[in-house]
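Protein chains in written order, with this note's numbering: chain X, 864 to 1089; chain U, 1008 to 1155.
Because the hints were derived from the structure by calculation, they are not lab data.
There may be inaccurate statements among the hints.
[Unchecked claim] Okay, the calculated bits of chain U under chain X, using three or more residues with CB under 8 Å as the criterion:
#1 1028 to 1036
#2 1087 to 1098
[To be verified] The list that follows gives simulated cross-link-like pairs (lysine to aspartate or glutamate, EDC-like), each with its CA atoms no further than 16 Å apart:
#3 U:Lys-1132 - X:Asp-1014
#4 X:Lys-971 - X:Glu-1057
#5 U:Lys-1126 - X:Asp-1014
#6 U:Lys-1132 - X:Asp-922
#7 X:Lys-970 - X:Asp-1054
#8 U:Lys-1083 - U:Glu-1024
#9 X:Lys-970 - X:Glu-1057
#10 U:Lys-1061 - X:Asp-922
#11 X:Lys-971 - X:Asp-1054
#12 X:Lys-1067 - X:Asp-899
Glycine included, each C-beta is placed from N, C-alpha and C at the ideal position.
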Amino acid sequence: MATTATATTTKLWGGGKSPFNVEYGKVMMWYFLMSDAFTFGAFLISYGTIRFSTNGWPDPNEVFRSFPFAPEGVHAPLVFVSIMTFILIISSVTMVLAVQAGHNMDKKRVVKNLIWTIIGGAAFLGCQAWEWNHLHHEGAWWGSNPFLNHDGTASSTNFTNYFFTITGFHGFHVFSGVIINIIMLIMTLTDKFEQRGHYLMIEKAGLYWHFVDLVWVFVFTCFYLI
Amino acid sequence: MEHTAEHHEHAGGGTKEIIKVTVILTVLTIVELILGFWMIGIPLENQALRLGIKGTIVILMMAKAFYIVAYFMHLKHELKNLIMTIVVPLALFIWFITAFLYDGNSFRNLRNTYDPHFKEQSTIKVEKKEHGTSEKHEAAPEKEHATH
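So that you can see chain X by itself, here it is in the shape it has in the complex (with noise of 0.2 Å):
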């Protein structure tokens, strides 16, 4: 019984082998994403009650047809919100090449795929920030809804309220993303992870950035698409 020997008095894990072969800050950060997951998770879920209890409910190809620079009253649905998610998608992609980057000890790639995801989230916000400001002009914010359902009958604020929380936290977690990154990018630059000897922190950074990508795939469909 020599596993009884070294075993601590307390019941605890008293560390030694990592049982997922990762190092800690990874592990934690997949339970904070986790538990970030169920909070988005429990917003949309409730976002579907609603609708579901709901008769009516606006049409988003009625809702979401602008684009910027372009005339008044154009009907282009769908046309802006799938440009966000390509610059999403392809944020992602630099953020993956940078990870791999960091793998291979190649400090200039980490800053150049670094730098391409933080001008994609950059791209995104000011997206974002065009479309909250369109539909702040047209009547649309918490408590106010100027949509008609999509047979004509009167909408309920439930549509907005629910529109501006779930994006606007979303929008919120890709801001914090960017400022992840603008950190990776001046610890990279400073040969912080050179002097460690690893680019691990990249990985988590990475991990962040990817998970927000993910609540978009979501959010996009439950608001824009269906």
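Once you've looked at the hints, dock chain U against the given chain X.
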């Protein structure tokens, strides 16, 4: 260092895999958008077809989520214990979604049966407002549209 050696074991498919997943995600998104554009032209009365398209979009959404988590977040290449630690708790969502959407639907049916005002509100058509002009709505009091 021991870290780099550790990670080399489950590093995954490299750049080739990234390109493959990028193409898959792009194609899935384009298919979703095609379905979305198709649905614009389908009248509300055709409930069955609209629901079918929405269901397909949700399935495509789950596929996209799988590819992001499995390959971009690298979960597929982790140890099975870590995968189970993450995925098994998330299975709670199956119950959450089923229970809450069923509850919402039941609430609507109850209100349509026992609340004549609720039912009436959802049959009266409102005159379509021009929400293309911005000034008109800025002048209007915000609370005007709040119809609960």
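Hints versus structure:
no. : hint                    : result
1   : 1028 to 1036            : holds (count 4)
2   : 1087 to 1098            : holds (count 6)
3   : U:Lys-1132 - X:Asp-1014 : 8 Å, holds
4   : X:Lys-971 - X:Glu-1057  : 12 Å, holds
5   : U:Lys-1126 - X:Asp-1014 : 14 Å, holds
6   : U:Lys-1132 - X:Asp-922  : 15 Å, holds
7   : X:Lys-970 - X:Asp-1054  : 9 Å, holds
8   : U:Lys-1083 - U:Glu-1024 : 12 Å, holds
9   : X:Lys-970 - X:Glu-1057  : 8 Å, holds
10  : U:Lys-1061 - X:Asp-922  : 13 Å, holds
11  : X:Lys-971 - X:Asp-1054  : 11 Å, holds
12  : X:Lys-1067 - X:Asp-899  : 15 Å, holds
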